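Visitor: Here the protein sequences come in this chain order: B and X.
Heads up: the first sequence begins at 1 in my numbering, then just goes up one per residue.
Heads up: the second sequence begins at 337 in my numbering, then just goes up one per residue.
No wet-lab data here; the hints were simulated from the structure.
This structure is a prediction, so every number in the text was calculated from the model and none was measured.
Just so you know, nobody snuck in bad clues.
Rough simulated footprint, nothing fancy, chain B against chain X, three-plus residues with beta-carbon under 8 Å:
| hint | segment |
| --- | --- |
| 1 | 490–499 |
| 2 | 858–864 |
Below, computed lysine to aspartate or glutamate pairings styled on EDC-like, alpha-carbon distance capped at 16 Å:
| hint | chain 1 | residue 1 | chain 2 | residue 2 |
| --- | --- | --- | --- | --- |
| 3 | X | Lys565 | X | Asp436 |
| 4 | X | Lys549 | X | Asp520 |
| 5 | X | Lys479 | X | Asp461 |
| 6 | X | Lys537 | X | Asp547 |
| 7 | X | Lys479 | X | Glu430 |
| 8 | B | Lys295 | X | Asp508 |
| 9 | X | Lys491 | B | Glu291 |
| 10 | X | Lys901 | X | Asp848 |
| 11 | X | Lys899 | B | Asp139 |
| 12 | X | Lys861 | X | Glu940 |
| 13 | X | Lys491 | B | Glu294 |
| 14 | B | Lys197 | B | Asp176 |
| 15 | X | Lys549 | X | Glu536 |
| 16 | B | Lys295 | X | Asp868 |
| 17 | X | Lys550 | X | Glu522 |
| 18 | X | Lys825 | B | Glu294 |
| 19 | X | Lys825 | X | Asp420 |
| 20 | X | Lys559 | X | Glu446 |
| 21 | X | Lys825 | X | Asp425 |
| 22 | B | Lys76 | X | Asp855 |
| 23 | X | Lys824 | X | Asp420 |
| 24 | B | Lys76 | X | Asp848 |
Examples of chain B residues lying across from chain X (beta carbon under 8 Å, computed):
| hint | residue |
| --- | --- |
| 25 | Lys78 |
| 26 | Ala80 |
| 27 | Gln255 |
| 28 | Tyr259 |
Backbone N, C-alpha and C define an ideal beta-carbon position, used for all residues, glycine too.
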Amino acid sequence: MRTKKIFLLVLPAAFLACFTLMPTKSYAGKGSLMALSGNLFASAVISEHSYIIVGDRGKIYLTNDGAKTWKVIDSKTKNALASVSFPDDRHGWITGQGGVILHSADGGRTWEAQSSGVNKYLLAVDFFDVNSGFAVGADSTVLMTADGGKTWIRSPFTLASDLGEEVNLLAVRMMDARHVCITDDGGRIFITEDTGKTWIDARSPLYDEEMMVGRILYCLAYDSGTLYATGVDGSFVYSKDQGETWTEASSGITQPDLYCIDMVDGIGLAAGSGGNIIRTSDRGKTWHMVEVPEKVTQAWLSGITLKKCDSGTVKGLVVGQNGTVGIITDSKLVWQ
Amino acid sequence: MSEKKMIDCSFGKACDVNFILRYRTIALIVLLVLTGFFCFQLKNIKMAADPMESMYLAGHKFLPALHAINKMAPAPRMLVCILDVKSGDIYSCETIRKIDSITRGLMGIEGILPTGITSLTMGIDHYNNTAEGLTIESILGGKWPETQKDFEVLKRKVAVNPMGPGKYVSYDGTAVMITAPLLDIEQKAQNSYNRLTEKEKVGLTFEKYKDQKKAEFNTNLLKSINELKSKEDDTNHTLYFMGEEVITAQMTKMGIEHISIAAIIMIVIVIVLLIYYFKTFLGVFVPIITMILSLLWGMGLLSLSGIKLNPMALLFPLILGVLSLAYSTLTMKQYYLLYDEIKDKKKAIAAAYENVPVSISMVTAGLITLGLCIARVPMIKDLGYLGLFWLVGTFASVILFNPILISFFPPPTQTKRGHQRGIWQALADVLAKLSLGSTRFVMLIILALILVIGGFSVKKLEVGDNIPGVSYIRPNHPWNQCFNLLAKKFMGPYQLLVYVKAKNKGGLLDPDAIGAMGDFSSYLKDECGARDSIAFDYMIQMARWTLMDGSPKWQTVPVSRQKIKGLAGMVIEEGGVESFMDKTFTQATISPFFPESDAKSIDEYASKMQAYIDSHPSNKVEFSLGGGLLGMTKAINDGTLDAYPKILAAAFIGLFILGILATRSLLLSLIMALPIIAAQAVLWLMMAFLGVPVSLSAVPVADASIGFGSVFGYYLLWQIAFAYQESADHDTAIRDGLGNIGGVVIFMSILIFAPCLPWFFIGLKFQSNMVLIFGITLILESITALMFIPALIGWFKPDF
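The shape of chain B in the complex, shown without the other chains (with noise of 0.2 Å):
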């Protein structure tokens, strides 16, 4: 009898015991794999496995295996980065908003800030080498360094402004330490032919001089001696006299703008607002509409990069809006 009260007792209590039990309570998620995120303005490729990107919120991403995995490193700023350039594959630099500069001497593992002497949105930059460097921004700021950025110096860009006007300028592009282009939110495109001292209006086909409108060029590449330019409504024009004159060319669409453009050996992608790349082979007399998955088409790509390496394989990157990246292995385009 003693044995079934015990029974009795103990069943009920070992029941209360597992109702009171009932699992509730919130489980911490597992972390998730580093994803790259966030608004991403450019990107380089420094050496055949090494490639960066910058964006919005100082963001930095470096990857050393080929962007099997991505790094952030610290910028130690939280304003957008817009440009990068590696003229070599330790010596970078990167601008950005706020008159921000940065450079790394380590292949991009980390960066310390030079003083730009400016607040301004710096939207480009370009090296020709480890020493000469411009950069180019808002309200008609354009930088030059001959000394790595040690020191920078505005250039006496006047152009605009002495058609009373301040104006963004979005491109620049060094053909040598001498010969640099830039283009500028009204449609203009500009050479310096002595290093920044003095520069010239180079009449782009695209500018209206009597209406003084233009069709925005928002980007520059150069490749063997012809520059390259792409903007507003597909708009594609080149120079191969070092900008002096420019052709109007047919980029083979007119609706989405291309925001960015590079070319290695006549080999050349150009992509835009809605996921838009176009490619050319023929250094731009034809170019051919590149098929993207169905998410890229929902974001802007604002950063083409392309390098042949040392081993003589073309490496590139595309880079966009919330964290849309492409990599480019010669003629292979992968999305991450």
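Based on these hints, arrange chain X on the given structure of chain B.
Guide: Same frame as chain B, but now just chain X:
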């Protein structure tokens, strides 16, 4: 029989029925006067103005943010329409024309503000940087698309439009959303009330007038959109509607129609069952009048107490009323049986109402229901008090009013005393056989297995089905169909809002503050699994981009406070962003849209978000979680999780302790309580197996059913105890006891379950679930009582 071990009927004896019968006229008058008084109080019953508020766990950490967000930006009154294409996508002339037709149709509906309607054919702009500068035009362009190429261009435009994928066009392109802002009916009511004459205002407070106008508005809106739907639905397109006003109107309509029909069917079922069982007028009249009286007293006391009734728990009083009906039926049955033996009406009445454990069970049920007061969810707590009021009402009607009423009627005749034996008793006899001999051990093993397996199955149970709106109506209701489409094909309705407060007034214009919001918003998308996240920084970015040359590098927040202020001012002036930023730039929200809404996912999202807040302190802003559909759901889920195990554990312990007080025996109390626990275990097993979540509606009914379930145990123990007095043998006592009362117990469970049946089919799912769980639990408790109590008695052989 050992007096010590006899079931204590002192509760019944505390009220001397003979005394009541002696002064029955005065007693009747007093009871009727009190009943009239409580009836009068019914008109003062208050309904909870904000039913949602009383469903949250009191003191939940989300509530401060939820309230702050509601104060900052009351939810916009908006009608949401979704046009779904069955075959193909929206990029066809036919669908574009239909979208336009629906848009125009909405413009013609009274109460909709036509200029605020947004659809693919109205209100969505495409920004284009051209040589002439920025141009803004309708996303459809100058002319509507006609060719395949035109639709390709449109597709690309939609893809890059901030109002495109996931917002006004589904991710897969097979559905579109159209939104239509609604008139501020409160303001309109205020204006028209002010124009009423003094005579017209007599007896008509503004609150009543406003409620009338709101109800009218919602009803007319529902009618108009149903007409539009009939016109626009075709073989390839279906139009759905949702919005708070729509669901309110639909639930009100369902409430009136379905509740009326269900109530009528319920009364008919009760009458038919009582006629079948008693075959006398008294057998039908007394239980029904008892049910009504207990409801009147209970609700009258509720009104006097000032406690507000949540409309979501409207059927709970009805459930308690059905329990009163059952108690009355039991005692009526006992009266008939006793009269059969002793042939003295007065003595039979006294014996029926004094010597049965109905009063013990009533007190047990009442006190256990009162145990709901330990819940930290206000709605559940209030139902606990209702349980106490019900106990008073049921005591008055069953123990006091029933004997008085019966005494005025002639005693039952031999032929009309209803069923004593029959199908119910035959079933009881089968169960009696199972508890004798070696099959007894099988029953005990089954009991042990049920308790253990059922106990472990609790671990598989999940809290759920608490999403406001969705959980109130059936899954196949058109409102829910629209909701599900929104959740599946668009960004969805599952938001868990973050409340942002600047440490200084206007502090959200600080670049670091806006940046912190942006960083959190990005984290939500990248690490928390949000489909998208919208915060004011995004609007600043878009405004800046639009004003500049179109280069995407401008889609970033400026670093200067002055520039941010300029852009923010422009955005605020544009309007429609009140829920994201207030005009003083001190409060804001971040709105992530998540894909899932189950309890586990919500907990995970909240946990990650809180971890981010804790690891990213800012000297500019404070973040706190709350608000949004998921925020509200979590507050209800946590309330359910807090209440359910606590209340049930308290109910089991209370059952056991009250059982000891009633039987003065630990063993008898356990024998009474174990089958009730087993019934709950079976219910958990079923819920775990079927994947039915534990919702807030389950809490009060689970508790009430445990309390009432004791009647089966007490009755069986009582009958077997008395049978033991004669035979002094447990097996004989079991056979005789079940022979006397087994059929009654089975019929009682049918009497409670059957009237619940019509409620299973009403469109108000929340209420229907309450009744369903209650009915199933009662049936299980009657079965487990009959299966296991005799077996336990046969094995333990307690001293009676």
